[in-house]
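Undergrad: Take a look at the letters that make up each chain.
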Amino acid sequence: MMDLIGPEEWQALGLSLRVAFWATLCSLPFAVLAAYALSRWRFPGRGLLNVAVHLPLVLPPVVTGYLLLLGFGRNGMVGGWLDETFGLVLAFRWTGAALAAAVMGFPLMVRAIWLSLDAVDRRLEEASGTLGAPPWRVFLTVTLPLTLPGVLAGAMLAFAKAMGEFGATITFVSNIPGETRTLASAIYTFLQVPGGEGAVGVLVGVSIAVSMIALIGAEALSRALARRIGTAE
Amino acid sequence: MSLLVDIGHGFGGFTLEAAFEAPEGVTALFGRSGAGKTTLVNAVAGLLRPERGRIDLDGEVLFDSAAGVCLKPHRRRIGYVFQEGRLFPHLTVAGNLAYPARVTGRKADAAETARVVEMLGIGALLERRPGALSGGEKQRVAVGRALLSAPRMLLMDEPLAALDAERKAEILPYLERLRDEMRLPILYVSHALDEVARLATTVVLLAEGRVVRAGPAEALFADPDLAPRFGLREAGALLTGEVVAHHPDGLSELRVSGGTLLLPRVQAAEGQRLRVRIEAQDVILSRHRPEGLSALNILPAVVVALKQGEGPGVIAQLRAGEDVILARLTRRSAEALDLAPGRSCHAIVKSVAVARGDIGRV
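Taken in order, these protein sequences are the chains called A and B.
Everything in the first sequence is counted per the UniProt record's numbering, starting at 1 for the first residue and increasing by one.
Everything in the second sequence is counted per the UniProt record's numbering, starting at 1 for the first residue and increasing by one.
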């Protein structure tokens, strides 16, 4: 099995894992915040936030990638600013691939967290307040622990989405070996090459294996968490 | 320590306009469902902002609509025991008890925790999760958790309503201890008269969002005019006495101001003061001291007042020594006995008519 996977394939796998990991980790706090705002607050612009969060789900990925290129490219508004201020370049870098993956996975993550926030018993939060907890403590000690299975499910979905992201990624950061050639891009590349079917088969197998492991792991973790917080009964 | 409440609030065609004072001890908010009891305690806790009024705890203003003051719940230091317990499912019993200290950044007081755990008898439950507790155990833990938040007063919203009679009987003595050992005002919401008779030092009678009457429990229970409010089948005066003997035939003797009462065996040491509710419908009246009667308790009494009901019934208010007894009888009987204020008579109570749940410590 190991012999079947060449250095190029290893590189694509490693890059995909790295991109998916950072995409998931960095978008998590924003997703929790967005989900909390959508679940708990009524404010002007709530509808707009809802639409914005869900946009990547319905837009063609190519369009999302193009918009990212416009905004976060070197000449883009945000991209230029990031470059000047932090020296952070996203376009055609693996960090850009992570951004694209994060944006594409964001709606899935927010929806999962939002659902589990809605399911939290608000009366427990009230009880926490009467015991002396200021609102931020209520969130950290009651709301968040009870939402954890949903957060985990959302993170898992976003990770899986990031592992497989193709359209927005290739539009925004292209398909550069070792930099932005993720598993999906690599499969696409080998498909373009005569005699690349062998490599494609291997990469497809790897993709399936990674997804399965992540799914099973998340499921087990989620069950353990649910048992811990007593919602499994 | 005392709580002053004077608030008004309207919602969904219902208006609450209530003013009362809750001194130290248990103040029972008594009334039917929908009388506004929970709205009142939620306003005191800060979970609901009333439209107008003022709430003052021991000189500190918690809420004042005129001055625009409304303290957040976490700044009020008022313990709240909810009907459904509301324990945190993701924490053990010990975690729930430690929670108030954890979220307020105080160091948990081990001695205080041990005392509360002992008082509520929850030492064996500490490692368990709320999902593995019975209803009565949950409520005891909820009481403990509220006590460990260093509260200046306690709110209890029908803490026993979800429990069956057996669990209720199990937890009531703990609440009596709480009342007697903690010098806190306790606002106790209930629509169960037996709980109120057991625990209350002060009663606030609520109906349709208004305070019908407020005052010492003994005075309200002894008022024949309020009997319909309490429920004619359940109304009855409270007698206070001291245990003087436990007889070998299973009876306990209680000395009250107007004589002695024999009751089914009470778990209380001699010398312990007890409060007994004698239901008005369990009292028989006789003009002369009866002979050859199976009932064991015959107290000489004087008629104070007669209250005519709408139906065929009359409630007689009697004085026996210092205590007041209510007796419910038909108008026909009252006329046959020629009862009138000032007449002397004898109040007869069967020992077994006094339910164990109606006997509480003072």
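It is possible that part of the hints are untrue.
Chain B is faced by these chain A residues, among others (derived, beta-carbon under 7 Å) [stated by the list, open to error]:
(1) Val120
(2) Arg122
(3) Ala127
(4) Thr130
(5) Leu131
(6) Arg137
Simulated crosslink set (SDA-like; lysine to any residue; CA at most 20 Å straight-line) [to be verified]:
(7) B/Lys107 with A/Pro134
(8) B/Lys72 with A/Trp136
(9) B/Lys72 with A/Arg122
(10) B/Lys72 with A/Ala91
(11) B/Lys72 with A/Arg227
(12) B/Lys72 with A/Glu125
(13) B/Lys107 with A/Arg122
(14) B/Lys307 with B/Ile284
(15) B/Lys107 with A/Arg137
(16) B/Lys72 with A/Leu124
(17) B/Lys307 with B/Arg233
(18) B/Lys72 with B/Asp6
(19) B/Lys72 with A/Arg123
(20) B/Lys307 with B/Glu270
With the C-beta cut set under 8 Å, the calculated list includes, among others, these residues of chain A facing chain B [stated by the list, open to error]:
(21) Ala119
(22) Arg123
(23) Gly132
(24) Pro134
If you are wondering where the hints come from, they were derived from the structure by calculation, not from laboratory data.
C-beta atoms are modelled at their ideal positions from N, C-alpha and C, and glycine is treated no differently.
Undergrad: It remains to establish, for every hint, whether it holds in the given structure.
TA: The hints, checked one at a time:
1. With its C-beta approaching chain B no nearer than about 11 Å, A/Val120 sits outside the 7 Å limit, and its interface hint is violated.
2. The interface hint given for A/Arg122 is broken, as the beta carbon of that residue sits about 10 Å from the closest beta carbon of chain B, more than 7 Å.
3. Because the beta carbon of A/Ala127 sits about 4 Å from the nearest beta carbon in chain B, less than 7 Å, this interface hint is met.
4. Evaluation of the A/Thr130 hint against chain B yields a held restraint, the C-beta minimum of about 4 Å falling below 7 Å.
5. At a threshold of 7 Å, the smallest CB-CB gap from A/Leu131 to chain B is about 4 Å, leaving the interface hint in force.
6. Given hint, A/Arg137 at the interface with chain B, holds; its Cβ is 5 Å from that chain's nearest Cβ, closer than 7 Å.
7. Distance hint between B/Lys107 and A/Pro134 is fulfilled; the C-alpha atoms sit about 17 Å from each other, no more than 20 Å.
8. Taking the CA atoms of B/Lys72 and A/Trp136, the gap is about 13 Å. The hint holds against a cut of 20 Å.
9. For the suggested pair B/Lys72 and A/Arg122, the alpha carbons sit about 16 Å apart, so the restraint of at most 20 Å is met.
10. Under the criterion of a C-alpha separation no larger than 20 Å, the hint pairing B/Lys72 with A/Ala91 is inconsistent with the structure, at around 48 Å.
11. Straight-line distance between C-alpha atoms of B/Lys72 and A/Arg227 comes to about 33 Å, which puts the hinted pair past the 20 Å bound.
12. As the CA atoms of B/Lys72 and A/Glu125 are separated by approximately 13 Å, the hinted pair is consistent with the 20 Å bound.
13. Between B/Lys107 and A/Arg122 the CA atoms are separated by roughly 27 Å; this puts the pair beyond 20 Å, and the hint is violated.
14. Between B/Lys307 and B/Ile284, the direct Cα distance comes to roughly 16 Å. Compliance with the 20 Å bound is thereby established for this hinted pair.
15. Among the hinted pairs, B/Lys107 with A/Arg137 is consistent with the structure: their alpha-carbon atoms are about 16 Å apart, no more than 20 Å.
16. Between the alpha carbons of B/Lys72 and A/Leu124 the distance comes to roughly 16 Å, so the proposed pair stays at or under 20 Å and holds.
17. Restraint check for B/Lys307 and B/Arg233: satisfied, since their Cα atoms lie roughly 15 Å apart, inside the 20 Å limit.
18. Simply put, B/Lys72 and B/Asp6 have alpha-carbon atoms about 18 Å apart, close enough for the 20 Å limit, and the pair holds.
19. Between B/Lys72 and A/Arg123 the CA atoms are separated by roughly 16 Å; this keeps the pair inside 20 Å, and the hint holds.
20. Between the alpha carbons of B/Lys307 and B/Glu270 the distance comes to roughly 37 Å, so the proposed pair goes past 20 Å and is violated.
21. With a cut of 8 Å, the hint placing A/Ala119 at the interface with chain B is violated, because the nearest CB-to-CB distance is about 12 Å.
22. Given hint, A/Arg123 at the interface with chain B, holds; its Cβ is 6 Å from that chain's nearest Cβ, closer than 8 Å.
23. Annotation: interface hint on A/Gly132 holds; nearest CB of chain B at approximately 4 Å, less than 8 Å.
24. A cut of 8 Å between beta carbons decides the hint on A/Pro134: the least distance to chain B is about 5 Å, and the hint holds.
In this structure, the hints that do not hold are numbers 1, 2, 10, 11, 13, 20 and 21, in rising order.
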